[in-house]
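**Student:** Below are the chains, spelled out letter by letter.
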Amino acid sequence: MPEQVTLTVNGKPVVVPSGATVAAAMATAGAYCRDSVSGERRTILCAMGICFECRVEIEGKPHQRACQILCSPGMRVNTQPRIETGAESSR
Amino acid sequence: MLVVGGGPAGLAAAATAAEHGVHVGVIDDNPNLGGQIWRAETGAINPEAQSWIARLHAARVEILCGTRVFDQPAPKLFHAETQDGLVELGYQKLVLATGARERFLPFPGWTIPNVMGAGALQALVKSGFAIEGKRVVVAGTGPLLLAVAAYLRKHGAEIAMICEQASLFSLAKFGFSLLWHGNKLAQAWSLRKELSGVPFAASSWPVSAEGKNILNAVVISRGQKFEKIECDFLACGFHLVPNTELAALLGCLLREGFVEVDNNQQTSVPEIFCAGEPTGIGGVELSVIEGQIAGHAAAKRDELATDLMRTRRKLLKFAAVLERTFELRAELRELALEETIICRCEDVTYGQLKLETSWRAAKLQTRCGMGPCQGRVCGPQTEFLFGWSPDSVRPPIFPARVESLGASVSEPDGA
Chain A
1 MPEQVTLTVN GKPVVVPSGA TVAAAMATAG AYCRDSVSGE RRTILCAMGI
51 CFECRVEIEG KPHQRACQIL CSPGMRVNTQ PRIETGAESS R
Chain B
1001 MLVVGGGPAG LAAAATAAEH GVHVGVIDDN PNLGGQIWRA ETGAINPEAQ
1051 SWIARLHAAR VEILCGTRVF DQPAPKLFHA ETQDGLVELG YQKLVLATGA
1101 RERFLPFPGW TIPNVMGAGA LQALVKSGFA IEGKRVVVAG TGPLLLAVAA
1151 YLRKHGAEIA MICEQASLFS LAKFGFSLLW HGNKLAQAWS LRKELSGVPF
1201 AASSWPVSAE GKNILNAVVI SRGQKFEKIE CDFLACGFHL VPNTELAALL
1251 GCLLREGFVE VDNNQQTSVP EIFCAGEPTG IGGVELSVIE GQIAGHAAAK
1301 RDELATDLMR TRRKLLKFAA VLERTFELRA ELRELALEET IICRCEDVTY
1351 GQLKLETSWR AAKLQTRCGM GPCQGRVCGP QTEFLFGWSP DSVRPPIFPA
1401 RVESLGASVS EPDGA
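Protein sequence lines correspond, in order, to chains A and B.
Per our numbering, the very first residue in the first sequence carries number 1; after that it's consecutive.
Per our numbering, the very first residue in the second sequence carries number 1001; after that it's consecutive.
Source of the hints: derived by calculation from the structure; they are not laboratory data.
Any given hint could be a false lead.
[Stated by the list, open to error] Pairs of lysine-lysine, BS3-like flavour, derived with a Cα cap of 25 Å:
id: 1; chain 1: B; residue 1: K1184; chain 2: B; residue 2: K1363
id: 2; chain 1: B; residue 1: K1184; chain 2: B; residue 2: K1317
id: 3; chain 1: A; residue 1: K12; chain 2: B; residue 2: K1134
id: 4; chain 1: B; residue 1: K1134; chain 2: B; residue 2: K1193
id: 5; chain 1: B; residue 1: K1154; chain 2: B; residue 2: K1212
id: 6; chain 1: A; residue 1: K12; chain 2: B; residue 2: K1314
Everything numeric in this text was worked out from a predicted model, so none of it was measured.
Generate coordinates for the entire structure from the input sequences, incorporating the hints supplied.
**Tutor:** Right, dumping it as structure tokens:
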């Protein structure tokens, strides 16, 4: 068995194998990654850094691609709420 | 020499050039080397990637993972970003080994959580997600579907169905052509054994995905009928599209969507080479061969590449067969409804887009393709649905922080 890492997703502890990506932790927690600009729930689509659908908040920092970042012990990850952008409000 | 992309083509190019004494650096966006096909499982090392990575270490190749190029602000100088901020990378020679991504096609419900790429679900499981006990429908097109289904099954998933949009006739011709590629035939045979008992349907594709906030069923079209299958995941990819954004930014000539290269894998821009999927979707063996040719050529030892070029010719024939076999059927253009989202970054619907006349008009009027993915997902879709093609690639080719974009440009040192 590989070693394990515990982190929190939306405030709840999640255990994943060490070396796991944050995307794997989100899926393990049954959490989705972000609310889209029209408020739909979205999660991992490509799992290889291309699609930006798995953007989450890590340690309060938004727009982090969950699939390209490895979990570390105690890391705090949250579903990224819908973000009002200039582009959005100018439509 | 700088190599962008640490998959099979990039690793082969880097090792080959470095062993000729060239000072080589490899960068990759992913946290580990290996690319997609040689993605390691957590806690394990992919054995095929490992022998190349060992050669990189032995030849003192510098490796930067978690790094993505977003601009070339001056000739032979890249600006790239890591988790920690801006990195400047100078080069004299360049190998583009940027790989390919899955093609996604829109159908009602394709944005519901747990509808993802076929390769994507495999990557997610390799990255630490336990798929055991989950019910999965694998759909789309291409040889990847069978490999993914076999992998997921081995890890405890129940494969409810494999839906391949290509016809049985195309697939039979494809199977016949494998006779000329002995090891590919062996791979296909072993997949067939691993998938015994799994329902497989040709001329079959998803028409909708259902579920409120999470997927619970998929409706597939199969032999003029619709069939609803309950499942936890839909792993759905329609073969691959090349990652050519960086090549286009650098002014390399593209033809029919692929980077044009000469016999030495050199692009239309001198000292910029390209290897692997961006030059044509041909699979891992061809990528390794092209990478080695690029590595020899960049080190000005192309006389050593004669045998490799012969193998390349044979594998290129296979690539052509792949393209014919998994050509997308016209019915797939009819799946999206008015309200189906095409651009997932900006939530632009099919109904909005069908009123537009070009990719550029769609961008200006609807913001389609203007979000963080920069059209990497919706671009290939609108190309298939409406025949649009992007007219230019402009920096930043990946989203970057404001402080990285505003960074001043230092003199290239050619290191």
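**Student:** Decide, hint by hint, whether the structure agrees.
**Tutor:** Going down the list of hints, with the structure as the test:
1. Note on K1184/B and K1363/B: the hinted pairing is violated, with a Cα-Cα distance of about 42 Å set against a maximum of 25 Å.
2. With a C-alpha separation of about 13 Å, the suggested pairing of K1184/B with K1317/B holds against the 25 Å cut-off.
3. As the CA atoms of K12/A and K1134/B are separated by approximately 22 Å, the hinted pair is consistent with the 25 Å bound.
4. About 21 Å separates the Cα atoms of K1134/B and K1193/B, which keeps this hinted pair within 25 Å; it holds.
5. With a CA separation close to 30 Å, the supplied pair K1154/B and K1212/B exceeds the 25 Å bound.
6. This hinted pair does not check out: K12/A and K1314/B have alpha carbons roughly 54 Å apart, beyond 25 Å.
Of the hints listed earlier, those the structure fails to meet are numbers 1, 5 and 6, in rising order.
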